[in-house]
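Heads up: the sequence lines are chains Z and D, in that order.
Just so it is clear: in the first sequence, position 340 is 340 by my numbering, and no numbers are missing.
Just so it is clear: in the second sequence, position 266 is 266 by my numbering, and no numbers are missing.
Possibly wrong hints are sitting among the right ones.
Said to hold, decoys possible - Per label pair, the in silico range of CB-to-CB distance: (1) D:Ser331 x Z:Gln153: 49 to 59 angstroms; (2) Z:Pro389 x D:Ala13: 13 to 23 angstroms; (3) D:Arg353 x Z:Ala75: 12 to 22 angstroms; (4) Z:Pro169 x D:Arg353: 36 to 46 angstroms; (5) Z:Leu260 x D:Ser165: 20 to 30 angstroms; (6) Z:Asp256 x D:Ser165: 38 to 48 angstroms; (7) D:Arg351 x Z:Arg383: 33 to 43 angstroms; (8) D:Arg143 x Z:Ser258: 18 to 28 angstroms; (9) Z:Leu260 x D:Leu139: 24 to 34 angstroms; (10) Z:Gly390 x D:Pro120: 41 to 51 angstroms.
Keep in mind the hints are simulated off the structure, nothing from the lab.
Every residue, glycine too, gets a C-beta built ideally from N, C-alpha and C.
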Amino acid sequence: MTALLTLEGITKTYPGVIANADISFQIQPGEIHALLGENGAGKSTLVKTIYGLVRPDRGSMRLNGAPFAPSEPRAARAAGVAMVFQHFSLFEALSVAENVGLGMESPPPMRDLAQRIRDVSQTYGLPLDPGRRVGDLSAGERQRVEIVRCLLQDPRLLIMDEPTSVLTPQEAEVLFATLRKLSAEGAAILYISHKLDEIRALCEAATILRGGRVVGQCDPRETSAADLAERMVGTQITASQARPSALGAALLTVTDLSLLPATQFGTALRQISLEVRAGEILGIGGVAGNGQDELLGALSGERLSALGTVTLGGQDLSRAGPDARRRAGLLAAPEERLGHAAAPDMSLTENAALTGVSRKGLARRGFLRWGAARSFAQEVIDRFDVRTPGAGATARSLSGGNLQKFVIGREVLQAPRVLVVNQPTWGVDAAAAAAIRQALMDLAAGGAGVVVISQDLDELLAVSDRFTALNEGRLSPPRPASEMTVDRIGLMLGGAGDLEPAHV
Amino acid sequence: MIALERRVAPSRAWQAIAPLLAVLLTMFAGGIMFAALGTDPFEAIRTIFWDPIFGEFAWYFRGQLLIKAGPLILIAVGLAMGFRAGIWNIGAEGQYIMGAICGAAAGLAFYPSESALIFPMMIAFGALGGFAWAMIPALLRIRFGTNEILVSLMLVYVAENVLASAAVSWLRNPDAVGFPGSRNLSRWDAAANPELIAGTGAHWGVLLAVLVVVAAQIFLTRHLMGFHIRLTGAAPLAAAFAGVRPARLVVFCLGLAGALAGLAGLFEVTGPAGQISIDFASGYGFTAIIVAFLGRLNPIGILLAGMLMALTYVGGDNVATNLGLPIAAISAFQGMLLFFLLALDVLANFRLRRSIGRRQAVTSGASPSRSVEDAPLGGAAE
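So here's chain Z without its partners, still in its complex pose (with noise of 0.2 angstroms):
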């Protein structure tokens, strides 16, 4: 049998990295093969070598036989290479079958397209409605719109970049169902992702990467999830150390918070509350676009609330703006790292002064301690292994998982009495996720308040005392962490009624 893909010395350098090194290996045509590898392992840049977006520097690819080498998407998606990216690409003003439209060489009338959705989505158990506004679809349904788009170009090979990241785990299994449809059909999955768990019980071949390099190829059904882990880290990673909870008096309280959204595609925050106590943390569940962003927003002080809704240790802080909320210890970490935690131009040090200035007494009379400043980025950079040139360096050169560790660290050296971060270890790579939880939760065990606002379940159970969701801006009733599994949490997050396993 021919295989689908090969690949053969894929090489790809960028100025002072080598992002892909001498990569080869197969795809056979039906199969589900993962593309295991941590952030900046190479993955992304292989697979846009793949999807036409990257041009590699040596090596070659072949496909059914024939040589292939897309110059642009377009020829990659007429070659039969489709793609679906993490991040999704839809206009939220415009409605699904609009969206698909846009995205095709050249789209049939609208009612014929509409039609074609449905008879899509049907056949592989994707409930979408054609005629709804994006901006108004969850995530789950969003990634349902871009998976659609692809298989109405009837792809043998789909590539999925971290799919499960946006997904409830009853939404995840009605994605797998989908793929395990399509690879009977003979499509062929390049399924990319970090969650080991779903890649054993998925995929039948596994490519794993390492410094831009194949380390290993196996079976995944039949290698462990440590195995696997180890392997793909390069080193065994130590398991969060559990810690003795014991819980002081309230420090952060929430009171019937409410808060129209920003913008039009925001979601209202609807009467929240929570209490946050010393030496604890609190995990909020959720998909995203639930209220996540916003809540953050809310506790961080980039948005006012009514008097009384937030209080810290007995003080008012709702009508309190960011700075104030500091000084009063009251800390946050926002999702978005570039542009939102961090500002990408500028560099480590004046980022560390972008919200240490208060709590570090990086000013004296209004004039910045540069000196102080770079002390602070460099304590940040020493402690949480922040790997980088120096202070320096702008926030954008560092990678995903080396600039959350400094966002994260640089909150918790100034001492929070309370922490609120938001999906603290997303898109992260194993060995700094482990990290940035160890640091939570040693902050907690230090007499600190920490709220976990996150998608990943494991994570939340991982390191939670207490448990919520948020669904659609409402908070539900906290639970105690060890009465919760994986299957009771995603019941708890909600919004999955319209699901239903692919009629196979």
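Following the hints, put chain D in place on chain Z, whose structure we already have.
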């Protein structure tokens, strides 16, 4: 095909040589234009760039140089603060006019007193006039979310009409029978803004411009407010997260630019211009926008850009009188300078690459095919 590829980090070498290269390219392209107009290009370029500084009549031109550069720099530094933070004050010309009118009116109210307090008071009112005029777009933006570009620009035309009415009626010199224009302030000792060192053209406004450049540089690099201005321009969401209050920034940036423009107007009306007249507004407020960008919104850069722009003005006048080139050709020449600088600036952030495929690297940002946005770390790693 040639494609643009985003650099991982802006190239410092390009940023450094871009202004020089832009001047050279302007000389080259301008030379072609002058030749097409039937003038010897070498003589024209020499008349613009060399004669005002080293030529036979340099003693006259050198003074003109500082007189022109002073207000340009003063206004541009103020504008640059706002531009850095994404606050687009296009109405410096109006603030310049209102500063001059307010300062002149305040002084003339005490005519013919010879008190030493008159000039300082006029300076204060000049700054106040520009500040107040800039507060109109600032407060409208904060309160009603209006666009400061439109409001500040429209207020220029209002200010021009106020100027005309002041010149012909309420500030008109009562002793000049029938002639429009106020009393001559530069000939009234208590209000005059004289040349401080004879032959240099340096008056109080030029001195202030130099001080403002130094102060602004320190402010931007060392002061928390300056940091917040840079932060707001670089990453608005991060600035909000840091706790920057946009309203305060709008008031500060517009107010500062307005006050500085007002001061420039006051020093002009009491010095080189001498009086409030119908044609007092000479476009400094608009040219300063070019100067601000030519100097990369950096105070030191603005100092150099202001001198260069003044040189093209003085040299341009020179070439127009001596070689008979039309004024429009001079304006085109100045436009080329800005064009080349901005074009070369692109190369500081992007590199040219020969692409093998068709339209590969550059894809419209709005298109769903994501090729550019998809490399968040500038294409490195991952």
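Each hint, compared with the structure:
1. Taken as a hint, the range 49 to 59 angstroms holds for the pair Ser331 (chain D) and Gln153 (chain Z), whose Cβ atoms sit roughly 54 angstroms apart.
2. Taking the beta carbon of each, Pro389 (chain Z) and Ala13 (chain D) are about 18 angstroms apart, inside 13 to 23 angstroms as hinted.
3. Our hint of 12 to 22 angstroms for Arg353 (chain D) and Ala75 (chain Z) holds, since their Cβ atoms are close to 19 angstroms apart.
4. The hinted window of 36 to 46 angstroms between Pro169 (chain Z) and Arg353 (chain D) holds, with their beta carbons roughly 44 angstroms apart.
5. Roughly 47 angstroms separates the CB atoms of Leu260 (chain Z) and Ser165 (chain D), a value that falls outside the hinted 20 to 30 angstroms.
6. Our hint of 38 to 48 angstroms for Asp256 (chain Z) and Ser165 (chain D) is violated, since their Cβ atoms are close to 58 angstroms apart.
7. The given range of 33 to 43 angstroms is respected by Arg351 (chain D) and Arg383 (chain Z), whose C-beta atoms sit roughly 36 angstroms from each other.
8. Against the hinted window of 18 to 28 angstroms, the Cβ-Cβ separation of Arg143 (chain D) and Ser258 (chain Z) comes to about 25 angstroms, which satisfies the hint.
9. In this structure the supplied range 24 to 34 angstroms holds for Leu260 (chain Z) paired with Leu139 (chain D), their Cβ-Cβ distance being about 25 angstroms.
10. Range check, Gly390 (chain Z) to Pro120 (chain D): about 49 angstroms between beta-carbon atoms, so the 41 to 51 angstroms window is met.
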